[in-house]
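Asker: One-letter residues, chain by chain:
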Amino acid sequence: MPITEIANAPVVEVAPYATAEDAVRLMAHHHVGALVVTRENELVGMVTDRDITTAVVAEGRSLATTAVAEIMSPEPAFVRDHSGIMEVIQAMRRSKARRLPVVDEHLHPIAIVAADDLLLYLAKEIAYLGRAFSRGWEVERATKDAPG
Amino acid sequence: MSISSLVSPQVVSVTAGMSIQQAARWMKSRGVGCVAVVDGEQPLGLVTDRDIAIACGVDGVSPDGPVRTLARHPPVTVLESTPLPDAIAAMARAGVRRLMVTDGVGRIVGILSADDLIPLLGEELAALGETVRFPHSVPV
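So the protein sequences, as listed, match chains A and B.
First residue of the first sequence? That's 0 in numbering that gives the first Met the number 0, and the numbers climb one at a time after it.
First residue of the second sequence? That's 0 in numbering that gives the first Met the number 0, and the numbers climb one at a time after it.
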């Protein structure tokens, strides 16, 4: 299962020279908590809603004049589009990040995978497994108890 | 299993009169993404780092304004005696990943976070995995 099929959040890009206000407006509009920062289509950073709060609001800086480049996490960890679930979980553990950009061979971000996406995927698998177990007992009852 | 043993007792709470900027500083210095806004011992609601970012960046709220204006009303609370499945159901109903946990007289005793439940459920699932991997060695 390629990770791009599990990643639910849209990838939203922002330029490093955009303002913190531009960034948070994009986050609100697209209902995402993180943006990928790109320069000439290449991944150069990540900026999150938490960065806005802790690096701008908490520090008394202006959202209208603070540039994304000043508050982003530069050179973020990323995974490739063909990465598997375990590989992504290990990359999240190593980088202590709950969201990772997924990039193609040109380092262009094509998705963001969040820990939430992985949890939903695994929960669905377990739910299907639970249904399979319960259905197995139903089938046995129906065949063994059937008259004749 | 009730949630009492799972509740994080280290509630990071801020008073209703504190400013949004001060609350943001608290979140930063304590490394948390959510604080409980309280009036005395009464919980008013939770405020997350995202709430602050959107309020100040999109809604034009001044960081000097009181943080109580961002607390989500009514607060989503459960009693500490609530069974775990009921607490998870309450999170799902309200679409939140953190619940304020109160005692019998409405005082806040902690926060139950979905993040704290995932390792617990993971451990239980891993233990189950070990059990079904060697079914014949398990005493009946």
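Check before you lean on any hint, since a few could be wrong.
[Claimed, not checked] Stretches of chain A that chain B covers, calculated by requiring three or more beta carbons in the stretch to come under 8 Å of a beta carbon on chain B:
id : region
1  : 11-25
2  : 56-66
3  : 85-93
4  : 128-138
No lab work stands behind these hints: they were computed from the structure.
Backbone N, C-alpha and C fix where the C-beta goes; we use that ideal spot for every residue, glycine too.
Asker: With reference to the structure, classify each hint as holding or not holding.
Answerer: Tested hints:
| no. | hint | in the structure |
| --- | --- | --- |
| 1 | 11-25 | holds (count 5) |
| 2 | 56-66 | holds (count 4) |
| 3 | 85-93 | violated (count 0) |
| 4 | 128-138 | violated (count 0) |
When each numbered hint is compared with the structure, violations occur for hints 3, 4.
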